Amino acid sequence: MDKQKTIHTHKQIAVSWPRVFLAIALITTVVGALFATKTLANIEKKIEEAKEDDRPANLELTKITISDCVDCFNVDDAIAQLKKQNVSISEEKTIAYDSPEGKALIEQFDIKRVPTYILTGEVAKKSFEGFAESNGTLQEKTFVFTNVPPVFVDTQTQKEMGKVTVTYLTDSSCPQCMNPTFTIEAYKNAGIQITEEKEIEWSSSEGQSLINKYKITKVPTFLLSSDIGFYEEVKNNWDRIGTIEQDETYIARNLFLPYRDIEKGEVLGLIDVVYLTDSTCPDCYSPQDTHKNILTQGFGVGIRSERTVDTFSIEGKRLVNHYNITSVPTVLLSPEVDPYANLKSVWPNVGTVEEDGWYVFRTVQQVGNIIYKDLSTNQVIRPAQPTANTNQ
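According to our numbering, the sequence shown is numbered sequentially starting from 29.
Think of the hints as simulated: they come from the structure by calculation, not from any bench.
Every value quoted in this text rests on a predicted model; they were computed, and no experiment measured them.
Glycine residues also receive a C-beta, built at the ideal position from the N, C-alpha and C atoms.
Check before you lean on any hint, since a few could be wrong.
Now the in silico label distances, taken between C-beta atoms and shown as ranges [unchecked claim]: (1) Ile272 <-> Lys112: 33 to 39 Å; (2) Thr391 <-> Asp300: 29 to 35 Å; (3) Ile123 <-> Ser201: 24 to 30 Å; (4) Ser201 <-> Thr405: 44 to 50 Å; (5) Asp105 <-> Pro203: 39 to 45 Å; (6) Ser231 <-> Glu334: 23 to 29 Å; (7) Lys140 <-> Lys243: 17 to 23 Å.
Turn these sequences into a full structure, and let the hints guide you.
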């Protein structure tokens, strides 16, 4: 009886395996179908999200203008940049900042600078986030353009801000000194509104008053009115140029040579130049034509005097022997050239600085395809001529 029961049980187990396999297959199929359906739904959702992100933000624009500020920033330029974004402007209107509607908007959104513009509509759309963060603020589902550069009108004081006055503190006795107007012209080209310029001689009573008030030690220089502070590029880099005083006057103090050092009572950066030539070498290069432009234009060196000395003259022979000069023509610079940091840094590659402070140019062969004289051999060195191609 027990044996038969055992055999009967084994038969039941053997018959149940196909059903188990079938059940597993059915479950796997159902799970796979559910997973595929969910995956497909996720893909479709992401496609819809991508389409939504690509869709332009629908916006309505209100431009707030000011008619009587001829120097003010042109807000249309900012709007042109806006329209280059992924946006669709469905409506545009213009209102004056001093109109009832303009005043209401300025008060509602605490607008500090005009002209400007505001946007309503899909301002919170993801595709618009980056532009909104870098150009303005979001308030009450409204975007307010706050990145308004000078010149603008301050809505609280009703004054035009960003109009800069320049005062040049000049030195008419030093025509070789660096001209500060070059810097101001660069500012103008960068969009800074210089609306007034005046010159004051440093030695005049008015000039002395400014020098004493601001403890100015170098001239010529320039002073900028406080409105230059509205120009972030200038303000953020001014510590390289000068100081900002307590009354917010910007004073240029780190000047290019040459300039007058008021405390020392002398002009610094004016040098004497000696061009050493050889009259027996009429084909040799002209050191004045070659070196002067490099000194003045390349390194900004101010020349006080320049003269040409022949190697066969008494002075020429003395210079050749004293400095052991082996190649001519060449150029010698007086010790006053030492403060020119850029020139000083490259000089070891082209010459020597002698014990008495004079700079002697020695690598004549680096000038280029020029003719010069080797004094050690008394031979004229000419550039090598290209060899003819004998294969032609």
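Ascending list of hint numbers which this structure does not respect: 2, 3 and 7
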